[in-house]
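Construct the complete structure from the given sequences, taking the supplied hints into account.
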Amino acid sequence: MELRNITKRFPGVIALKNMTLQIKPGEVHGLIGENGAGKSTLIKVLTGAYPADEGEIFVGGQKRNFKNPNDAKLAGVGCVYQELSTVKMLSVTDNIFMGNTIKKKKSPLLDYATMHRKAHDLMLSLGEDVDVKKACGTFGMGIQQLVEIARALVLNAKLIIMDEPTSSLGEKEVDQLFKTIRNLKKKGVAILFVSHKLEELFEICDSVTVMRDGEHVFTDDIKNIDNDRLIRAMVGHALSEQYPKVRGKRGTEALQVKNLWEGGVFQDINFTAYYGEILGFAGLVGAGRTEVFRAIFGADPLDGGEVYINGKRVQIKSPKDAIRNRIAFLTEDRATQGLVPSMSVRTNLILASMKKFQHGPWLDDATIEKTSEKIVQSLKIKTSGLDEAVGQLSGGNKQKVVIGKWLNTAADIYIFDEPTRGIDVGAKVEVCNVMNSLVQRGKCVIMISSELPEILGMSDRVIVMRSGKIMAEVDANSDHFNQEDIMKAAWGGTLQ
Amino acid sequence: MTDAINSASTPKKKVDFKGVLTQLGSLLALFILCVILTIATPNFLTMTNFMNILRQTAINSFISAGMLLALITAGIDLSVGANCVLCGCVMGALANKLQVTNSFVLILAALATGLLVGLANGLLLTKLHLPHPFVSTMGMKLVLCGLALLVVNSQTVANFPEGVTALGSINLFKTKGYSGFPLAFLVVIIVFIIFHFFLTRSALGRKIFCVGGNPEAARLAGINSDNVLISVYTISGLMCAIAGIVLVGRTGVANPAAAMEPYDSDAIAACIIGGASFMGGKGTMWGTIIGALMISTIRNGLNLLQASNDIQNIVVGLVIIGAVCIDVYRGKMEERARRLATK
Numbered sequence: 429m430e431l432r433n434i435t436k437r438f439p440g441v442i443a444l445k446n447m448t449l450q451i452k453p454g455e456v457h458g459l460i461g462e463n464g465a466g467k468s469t470l471i472k473v474l475t476g477a478y479p480a481d482e483g484e485i486f487v488g489g490q491k492r493n494f495k496n497p498n499d500a501k502l503a504g505v506g507c508v509y510q511e512l513s514t515v516k517m518l519s520v521t522d523n524i525f526m527g528n529t530i531k532k533k534k535s536p537l538l539d540y541a542t543m544h545r546k547a548h549d550l551m552l553s554l555g556e557d558v559d560v561k562k563a564c565g566t567f568g569m570g571i572q573q574l575v576e577i578a579r580a581l582v583l584n585a586k587l588i589i590m591d592e593p594t595s596s597l598g599e600k601e602v603d604q605l606f607k608t609i610r611n612l613k614k615k616g617v618a619i620l621f622v623s624h625k626l627e628e629l630f631e632i633c634d635s636v637t638v639m640r641d642g643e644h645v646f647t648d649d650i651k652n653i654d655n656d657r658l659i660r661a662m663v664g665h666a667l668s669e670q671y672p673k674v675r676g677k678r679g680t681e682a683l684q685v686k687n688l689w690e691g692g693v694f695q696d697i698n699f700t701a702y703y704g705e706i707l708g709f710a711g712l713v714g715a716g717r718t719e720v721f722r723a724i725f726g727a728d729p730l731d732g733g734e735v736y737i738n739g740k741r742v743q744i745k746s747p748k749d750a751i752r753n754r755i756a757f758l759t760e761d762r763a764t765q766g767l768v769p770s771m772s773v774r775t776n777l778i779l780a781s782m783k784k785f786q787h788g789p790w791l792d793d794a795t796i797e798k799t800s801e802k803i804v805q806s807l808k809i810k811t812s813g814l815d816e817a818v819g820q821l822s823g824g825n826k827q828k829v830v831i832g833k834w835l836n837t838a839a840d841i842y843i844f845d846e847p848t849r850g851i852d853v854g855a856k857v858e859v860c861n862v863m864n865s866l867v868q869r870g871k872c873v874i875m876i877s878s879e880l881p882e883i884l885g886m887s888d889r890v891i892v893m894r895s896g897k898i899m900a901e902v903d904a905n906s907d908h909f910n911q912e913d914i915m916k917a918a919w920g921g922t923l924q
Numbered sequence: 028m029t030d031a032i033n034s035a036s037t038p039k040k041k042v043d044f045k046g047v048l049t050q051l052g053s054l055l056a057l058f059i060l061c062v063i064l065t066i067a068t069p070n071f072l073t074m075t076n077f078m079n080i081l082r083q084t085a086i087n088s089f090i091s092a093g094m095l096l097a098l099i100t101a102g103i104d105l106s107v108g109a110n111c112v113l114c115g116c117v118m119g120a121l122a123n124k125l126q127v128t129n130s131f132v133l134i135l136a137a138l139a140t141g142l143l144v145g146l147a148n149g150l151l152l153t154k155l156h157l158p159h160p161f162v163s164t165m166g167m168k169l170v171l172c173g174l175a176l177l178v179v180n181s182q183t184v185a186n187f188p189e190g191v192t193a194l195g196s197i198n199l200f201k202t203k204g205y206s207g208f209p210l211a212f213l214v215v216i217i218v219f220i221i222f223h224f225f226l227t228r229s230a231l232g233r234k235i236f237c238v239g240g241n242p243e244a245a246r247l248a249g250i251n252s253d254n255v256l257i258s259v260y261t262i263s264g265l266m267c268a269i270a271g272i273v274l275v276g277r278t279g280v281a282n283p284a285a286a287m288e289p290y291d292s293d294a295i296a297a298c299i300i301g302g303a304s305f306m307g308g309k310g311t312m313w314g315t316i317i318g319a320l321m322i323s324t325i326r327n328g329l330n331l332l333q334a335s336n337d338i339q340n341i342v343v344g345l346v347i348i349g350a351v352c353i354d355v356y357r358g359k360m361e362e363r364a365r366r367l368a369t370k
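Chains A and B are the protein sequences, given in the same order.
Taken in order, the first sequence gives residues 429 to 924; the numbers are from this note's numbering.
Taken in order, the second sequence gives residues 28 to 370; the numbers are from this note's numbering.
To be clear, the hints were calculated from the coordinates, so they are not data collected in a lab.
Built from N, CA and C at the ideal position, the CB exists for glycine as well.
Incorrect hints may appear among the rest.
[What the hints assert, rightly or not] Straight-line C-alpha distance at most 20 Å; calculated SDA-like pairs for lysine to any residue: (1) 784/A / 231/B; (2) 748/A / 254/B; (3) 445/A / 430/A.
[Claimed, not checked] Okay, the calculated beta carbon distance ranges per label pair: (4) 362/B / 517/A: 31 to 37 Å; (5) 52/B / 482/A: 45 to 51 Å; (6) 442/A / 360/B: 29 to 35 Å; (7) 823/A / 289/B: 41 to 47 Å; (8) 220/B / 677/A: 54 to 60 Å; (9) 360/B / 823/A: 22 to 28 Å; (10) 511/A / 227/B: 40 to 46 Å; (11) 433/A / 51/B: 52 to 58 Å; (12) 52/B / 792/A: 31 to 37 Å; (13) 518/A / 229/B: 46 to 52 Å.
[As the list claims (entries may be wrong)] Listed below are several chain A residues computed to face chain B (Cβ distance under 8 Å; list not exhaustive): (14) 751; (15) 764; (16) 769; (17) 782; (18) 791; (19) 833.
Have a look at this one:
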C-alpha cells in the first residue's frame with residue numbers, strides 16, 4: 429500500500445499536504461500526530477470516505493482510485509474505528525457478514541450453516557473460541573473489536589487500519605488485541621496503527637510515521653526512534669503564533685474541586701481556579717477535559733467529589749444550578765450544544781438569562797433589543813439583523829453569539845471549551861480578547877484547548893490531563909511552560 | 028460601529044417580508060380552494076355555508092392550538108381526539124348519572140379532566156423517560172377511548188344544561204336569513220390571539236421554541252426542558268377540554284364512540300399546512316388557523332359535492348402528505364440556496 433502526494437482541501441483549510449505513506453505487507457505501521465495533524469482525514473481518504481483532491485493511491489503496485497468506501501473495501505482496505513460499529517442485537521455471524529452475506533445456491537435464502545462455520549473459523553484464527561450465534565452485545569469490547577477485524581478479513585483485507593483501537597479496552601483485552609495483531613502480521617496483513625499511546629507504538633509497531641499540520645514529518649524504523657524524538661517531531665519548531673495576552677491580577681479562589689470522579693471517565697481530579705487568571709487545560713482529544721467540566725457544570729452526573737465556589741461547598745445537579753452559581757460554560761460543539769440554530773440571534777442571546785428580561789410571564793422586548801444590539805456591536809457579530817436565524821451565521825459569529833449569551837448571564841466563572849476551534853484568525857483574536865477583558869474585570873476563566881500555542885499564549889497556568897487524570901500543573905513562570913514539556917505530559921511522560 | 032447598527036436594523040424588514048409571504052402562501056392556497064369550490068358547487072359561496080365552515084372549524088382550531096405547541100417541541104399529541112370526547116362524556120356522566128345540573132360545575136369538570144390528561148401525558152414523557160411522546164400519547168389515546176365508553180356505559184348521552192351547550196351552539200348577530208356568527212369561532216379568535224402573544228412574547232413561549240429547536244442547548248442554558256414539556260402537554264389537554272365543550276354544544280350529545288374520529292390527524296394537518304414541522308422549532312398561530320380553515324373547507328366542499336366520509340378522509344390524508352412534502356422540499360431548497368450563497 430502506498431500513498432503518494434495526497435492533498436485534501438476543505439473550504440478554508442488544507443487538511444493534507446502532499447502526504448506520503450508506505451506500508452509493506454505484514455508490517456505494523458504506527459501513525460501519530462498532534463490533535464488536528466490530519467490523521468483522521470488521512471484515514472478517511474484511505475477508506476474512501478473522502479476522495480483525495482490530488483495524489484495517487486497504490487495497492488499491491490496497482491494504482492487505485494477510491495471514490496467511495498466500497499472501492500476501498502474491494503481494494504482490501506479494512507478499518508476498525510475507535511467507536512465500535514457492531515450491531516449489538518445481531519449475532520456475531522451477522523455482524524461479520526454484514527453487507528456480504530452468503531446465500532444458498534440458487535436460492536434467496538441465507539446459508540447460515542456456512543456463515544456460522546466460517547465466522548467461527550475466523551474468530552478462532554483471531555484467537556477466540558466464541559459462540560458466533562450469540563448476539564454481539566453479549567460479549568465484551570475486546571471481542572466486539574475482534575468481530576470488526578473479522579469483518580475486514582472476510583473481505584480479504586490486505587491492510588487493516590486501527591484507529592485508537594485500545595482506547596476502550598482493558599489491559600487484558602489490549603494484550604489479546606496485540607496477540608491478534610501479531611497473528612495477522614504472520615499472515616501478511618499490513619496494519620496501520622493509529623494511537624495516542626506511545627508505549628503501545630514501541631510495543632507493537634515495526635515503523636512509525638509522524639504527521640504534523642497535514643504533512644509527513646518522518647517515517648522510520650521503531651528501533652531508531654525514542655520518545656523525545658517523536659514528541660519533538662509532533663510539536664515541530666514552528667514559531668508559536670502571537671496571542672494578545674493581557675495579564676490580570678490573580679484574586680481569590682473561584683472554583684475548587686476535590687477528588688472528582690466519574691466512573692470510567694475521569695478520577696482524582698483536584699484543582700483550583702482563581703479570579704483574574706486564565707487556567708488552561710491541555711491534553712489530547714479524549715483526555716477527559718470536557719467531561720470534567722460537563723460534570724462540574726451539572727450537564728452530566730458526577731459519581732463523587734466536592735465542588736467549592738468562592739470557598740463554599742456547592743451541589744450542582746443541573747446546568748440551571750450551575751448558572752445560579754454564576755458559572756458559564758461555552759461548549760465545544762456550538763451547533764449541537766451551544767445554540768438553537770433555527771432561532772434568531774436575539775433569542776439565542778437571551779437563552780441562558782431569560783429571567784433577567786422578564787416582566788412576569790412576558791418578555792421585555794425593548795430591553796432585549798437594546799441589550800442585544802449592544803452585544804452585537806461590542807462583539808462585532810456580523811449578522812443581517814437580530815432576527816436572523818443563528819444557523820445562518822459563520823462559525824466565528826456563531827461563537828460570538830454563544831459568548832454573548834453567557835455574557836448576558838453576568839457569570840463570574842467562564843469555562844471556554846475549544847473556544848477558537850473552526851473559526852477564522854480574525855475571530856480567534858477577538859475571542860481571545862474577550863477572555864482577556866473578562867480576566868481584567870476580575871473574572872475567572874478556564875480554557876480547554878487542544879491547540880498548544882493557544883494554551884501557551886493565553887494561559888496563566890496550565891493543567892495537563894491524560895486518560896481522565898491530571899498529569900501535571902505548569903505555571904507560566906515555570907521552566908516546563910513550553911510545547912515539548914506539555915506535550916510530553918499529555919502523552920504520558922513525567923516532568924522533572 | 029455604525030455599520031453594526033445599520034446592519035442590525037435595516038434588513039429586519041426583509042425577514043418579516045419573507046415571513047409574511049410564507050403566511051400569504053397558505054392564505055392564497057385557501058383562496059384558490061374556495062374559488063375552485065365556488066365553481067364546482069353553487070351552494071359553496073353563501074354566507075350560511077361560510078358560517079357553517081367556521082362552526083366546523085372551531086373544534087379543530089382549539090385542538091390544533093394545543094397540537095401546535097407539541098409540534099413546536101418536536102413532539103406530538105395523539106390523545107387529543109380521545110381527550111376531547113372524554114371531556115364531553117365526563118360531563119354527560121355527571122349530568123345523567125349524578126344529576127349535576129350546574130353548568131359551571133360541569134364545565135369545570137371537563138376542564139379538569141382535559142388538564143389532568145395533558146399533565147399525565149407530560150409526566151409520562153418527562154418523568155418516565157418514554158422515548159417519544161408518540162408512544163405515551165398513543166397509549167393514552169386508547170386509554171381515553173376506553174374511559175370515555177366506561178363513564179357513560181357505552182351510551183350516547185344527552186340532557187346537557189344550556190350553560191354547557193352555549194359555547195358550541197350560540198350564534199351572534201342573527202338576522203332573518205342569516206344564521207349568525209358562531210360564538211365558538213369568536214372564542215377561537217380570542218384564544219388564538221392570546222396564544223400568538225404567548226408564543227411570541229412570553230418567556231415560556233420562547234422556551235417552547237428553544238426546547239424544540241435544540242433541547243440539549245436549551246438544557247445547557249439552564250432551561251428546565253421537563254417543565255416546559257409538561258406545560259405544553261397540559262395546555263394541549265386544556266384545549267382539548269374546550270374543544271370537547273364545543274363538541275357537546277354543537278351536537279347536543281356526548282357520543283363516546285366519536286373518540287376514534289380523526290381529530291388528531293385533522294389537527295396535525297392544520298398545523299403542518301400552517302407551516303409547523305415535525306422536526307420542531309417552527310409554527311405560527313396565524314398559519315394554524317389558516318390550516319384549520321383549509322381542512323374544514325375541504326371537508327365542507329366534499330360534503331356539498333356529496334362525497335362520503337371515506338372520500339373525505341382519503342383527500343385529507345393526501346393533503347397532509349402533500350403539505351409535509353412541501354415542507355420538506357421548502358427546507359431543502361432553502362438549504363441549497365444558503366449553500367450556493369456561501370460558495
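Structure-based check of each hint:
{"no.": "1", "hint": "784/A / 231/B", "in the structure": "holds (14 Å)"}
{"no.": "2", "hint": "748/A / 254/B", "in the structure": "holds (13 Å)"}
{"no.": "3", "hint": "445/A / 430/A", "in the structure": "holds (16 Å)"}
{"no.": "4", "hint": "362/B / 517/A: 31 to 37 Å", "in the structure": "holds (34 Å)"}
{"no.": "5", "hint": "52/B / 482/A: 45 to 51 Å", "in the structure": "holds (47 Å)"}
{"no.": "6", "hint": "442/A / 360/B: 29 to 35 Å", "in the structure": "holds (32 Å)"}
{"no.": "7", "hint": "823/A / 289/B: 41 to 47 Å", "in the structure": "holds (45 Å)"}
{"no.": "8", "hint": "220/B / 677/A: 54 to 60 Å", "in the structure": "holds (55 Å)"}
{"no.": "9", "hint": "360/B / 823/A: 22 to 28 Å", "in the structure": "holds (24 Å)"}
{"no.": "10", "hint": "511/A / 227/B: 40 to 46 Å", "in the structure": "holds (42 Å)"}
{"no.": "11", "hint": "433/A / 51/B: 52 to 58 Å", "in the structure": "holds (56 Å)"}
{"no.": "12", "hint": "52/B / 792/A: 31 to 37 Å", "in the structure": "holds (32 Å)"}
{"no.": "13", "hint": "518/A / 229/B: 46 to 52 Å", "in the structure": "holds (48 Å)"}
{"no.": "14", "hint": "751", "in the structure": "holds (4 Å)"}
{"no.": "15", "hint": "764", "in the structure": "holds (6 Å)"}
{"no.": "16", "hint": "769", "in the structure": "holds (7 Å)"}
{"no.": "17", "hint": "782", "in the structure": "holds (5 Å)"}
{"no.": "18", "hint": "791", "in the structure": "holds (5 Å)"}
{"no.": "19", "hint": "833", "in the structure": "holds (7 Å)"}
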